[in-house]
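> So the chains spell out like this:
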Amino acid sequence: MAITRDQVLHVAKLARLDLGEEELERLTAELSEILDAVSKVAELDLADVPPTSHPLDLVNVWAEDEPHRSLALGEALANAPAREGDLFRVPPTA
Amino acid sequence: MAVIDTLRLTAEEATGLLERREVTAAELHEAYREAIDDRDPELHTYLRVVDECVGDGVPIALKDVISTRGVETTAGSRILEGYTPVFDATVAGRCRAAGLPLLGKTNTDEFAMGSSTENSAFGPSRNPWDPSRVPGGSGGGTAAAVSAGLAPWGLGSDTGGSIKQPSALCGNVGLRPTYGTVSRYGIVAFASSLDQVGPVAKTVRDVALLTSIIAGRDPADSTTVDHPEPIRLPEREELRGVRLGIPRQIGDLRAIEPGVRAAFETSVELARSLGAEIGECDLPLSFEYGMPCYYLIAPAEASSNLARYDGVRYGPRVDADGYREMVERTRDAGFGPEPKRRIMLGTYALSAGYYDAFYGQAQKVRTLLVREHRDALERFDALITPTSPTVAFPIGERAADPLAMYACDLLTIPSCLAGLPGLNVPCGLSEGLPVGLQLIGPQFGENALFGIGHALERALGFDPVPERLR
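Protein chains in written order, with our numbering: chain A, 8 to 101; chain B, 338 to 807.
These are calculated hints, taken from the structure and not from any lab test. All values reported here derive from a predicted model rather than from experimental measurement. Here a beta-carbon is modelled for each residue, glycine too, at the ideal position from N, C-alpha and C. Any given hint could turn out to be false.
[As the list claims (entries may be wrong)] Within a straight-line C-alpha distance of at most 25 Å, the following computed SDA-like cross-link-like pairs (lysine to any residue) qualify:
hint: 1; chain 1: B; residue 1: K701; chain 2: B; residue 2: F624
hint: 2; chain 1: A; residue 1: K20; chain 2: A; residue 2: T35
hint: 3; chain 1: A; residue 1: K47; chain 2: B; residue 2: D693
hint: 4; chain 1: A; residue 1: K47; chain 2: B; residue 2: L687
hint: 5; chain 1: A; residue 1: K47; chain 2: B; residue 2: D342
hint: 6; chain 1: B; residue 1: K701; chain 2: A; residue 2: E40
hint: 7; chain 1: B; residue 1: K701; chain 2: A; residue 2: V68
hint: 8; chain 1: B; residue 1: K701; chain 2: B; residue 2: Y691
hint: 9; chain 1: B; residue 1: K701; chain 2: A; residue 2: V56
hint: 10; chain 1: B; residue 1: K701; chain 2: A; residue 2: D52
[What the hints assert, rightly or not] Each pair of labels, with its calculated beta carbon distance range:
hint: 11; chain 1: B; residue 1: A657; chain 2: A; residue 2: A36; range: 25 to 35 Å
hint: 12; chain 1: B; residue 1: A434; chain 2: A; residue 2: A36; range: 41 to 51 Å
hint: 13; chain 1: A; residue 1: D13; chain 2: B; residue 2: A694; range: 11 to 21 Å
hint: 14; chain 1: A; residue 1: N86; chain 2: B; residue 2: R580; range: 44 to 54 Å
hint: 15; chain 1: B; residue 1: S641; chain 2: A; residue 2: N67; range: 20 to 30 Å
hint: 16; chain 1: B; residue 1: G733; chain 2: A; residue 2: N86; range: 27 to 37 Å
hint: 17; chain 1: B; residue 1: D388; chain 2: A; residue 2: D13; range: 28 to 38 Å
hint: 18; chain 1: A; residue 1: N67; chain 2: B; residue 2: R807; range: 49 to 59 Å
hint: 19; chain 1: A; residue 1: N67; chain 2: B; residue 2: R580; range: 31 to 41 Å
hint: 20; chain 1: A; residue 1: Q14; chain 2: B; residue 2: R807; range: 50 to 60 Å
hint: 21; chain 1: B; residue 1: R805; chain 2: A; residue 2: F95; range: 42 to 52 Å
hint: 22; chain 1: A; residue 1: Q14; chain 2: B; residue 2: T352; range: 51 to 61 Å
hint: 23; chain 1: B; residue 1: R661; chain 2: A; residue 2: D13; range: 12 to 22 Å
hint: 24; chain 1: A; residue 1: E91; chain 2: B; residue 2: A644; range: 23 to 33 Å
Work the whole structure out from these sequences, hints included.
Here you go:
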């Protein structure tokens, strides 16, 4: 199943990856080959089979609504590449 | 002080030395640190080591996907370089509470994506049996460290075989526990419906002991449950009445090397001589559709989990004038080729127009794999296969071919998708390299697997110390 360079570029945008030209070429070839292999799942007629999203039979796991200590501000910011006061600093979003 | 031979010492024996006060925890820690200084420059099993001995128990190595408070945790990725967790993963906390001093953080394929450690951004680990070969992956660092006497035991994480396969290639014991029985809180997430943390050690009893330390419900991970019965140290020496099922489909798998098949068949005969009833079971879809199913589900979940690496809260950042450019450049620079490949594949499989055909279809295939394993385990106490189709392969042999690398996990993947526990037990050598036996049990079947594994281990008499280090 061939995937085109434009499709790869579109997926890279969705995935927020600024891929270089060389990587784009390589991934186009590799993804085509991998998609060929995984497309095998389409051979099976599974119209009546329910999906499995999780192998454990757990539903509605509740926790008591009790206050507890979370990360202190200093801890939460400790690994930030850039901060300003008590905030994570990022470039302008617009 | 007793002489400490880290190559041979089991965690159980080390516990005995500590209890009888023949060594102190600090002396034990120091002995492993010296072995690391001696042998790790060649093997590169650790990404970083801890000099200070904190705790009064048997020291432990933790795979670098496990958050450790105050100790850098990178998951083998540049995008987490310099990241120092401000909290412990639940499993790290449980090891700390049990008094197990940390020896260091072991190497892994980047984000645990790989079967050789060659995808680590910090260079591959090497197999202690033959340093020109891979130790398996993604948990090759932990497995190689245990085999080379650089840790008595350690923890790995397993998504599609990352504990079992490196244990097979390095000749030690590794358990992927039943999905949900060990907390993932504080583990760098790869594919959340598959990830499980588990132990690696030289013996089945050590693996059982470490399982008992880390397993159990964790309020911080709502996918966890308690084992219905406590984990026990196995003592079984025979297999009378134990029903072992061999999937008939593995007979046709050409991917399984003749030497691996021979060692496997010898151990099956040994199981029979210990009293086991050997029969054939049927997993018609598992080996044909397990791989494609896994390589849709795991990358899809990975693409979502890895969305958090954006250069805002932790990790290095590549600066740019705008926010979006900063995120895109940071991710391009920070992720290596394999995570990028899987993020791309997963994003594609989840994107509009393809979701049903790929991700949705794979989830339905998964249902069939769950069912066929359940049916097989109605007639058998455990299923038995080789763990890896091959012995350790040369570094570089598969690195350029993603599909060849993915094929390493052909035999471990199906039961991971089914959420079942799997135990690797070393069962012999082929070409002078270890071969592993995989035992698959029903959900929560760990105690039975430990019993079977222990009886086989005793009868096999496999020497876990690599020949070149004896």
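> Confirm or reject the claim that A:Q14 and B:T352 have a C-beta distance inside 51 to 61 Å.
56 Å, holds
> So does B:G733 sit 27 to 37 Å from A:N86, Cβ to Cβ?
Holds - the Cβ-Cβ distance for B:G733 and A:N86, about 34 Å, lies within 27 to 37 Å.
> Are B:K701 and A:V56 close enough, with their CA atoms no more than 25 Å apart?
6 Å, holds
> Just to be careful, I want the Cα atoms of B:K701 and A:V68 compared with a cutoff of 25 Å; is the pair within it?
Holds - the C-alpha atoms of A:V68 and B:K701 are around 24 Å apart, at most 25 Å.
> Does B:F624 lie within 25 Å of B:K701 when you go C-alpha to C-alpha?
Measuring from Cα to Cα gives roughly 16 Å; hence the hint holds.
> Could you check the hint for me, namely that B:R661 and A:D13 are 12 to 22 Å apart, CB to CB?
Check passed, 20 Å falls within 12 to 22 Å.
> Could you tell me whether the CB distance from A:E91 to B:A644 stays inside 23 to 33 Å?
24 Å, holds
> Per the hint of 41 to 51 Å, is the separation of the Cβ atoms of B:A434 and A:A36 within bounds?
Hint holds: Cβ distance 50 Å, inside 41 to 51 Å.
> Between B:K701 and A:D52, is the straight-line Cα distance small enough, at 25 Å or below?
Roughly 10 Å separates the two Cα atoms, so the pair holds.
> Take the C-alpha atoms of A:K47 and B:L687, compute the straight-line distance between them, and say whether it is at most 25 Å.
Since the Cα atoms of A:K47 and B:L687 sit roughly 17 Å apart, the hinted pair holds (cutoff 25 Å).
> 11 to 21 Å was suggested as the range; check whether the CB atoms of A:D13 and B:A694 agree with it.
19 Å, holds
> Mind checking the hinted window 50 to 60 Å against the Cβ distance between A:Q14 and B:R807?
54 Å, holds
The structure fails hints 5 and 17 (numbered hints given earlier, in ascending order).
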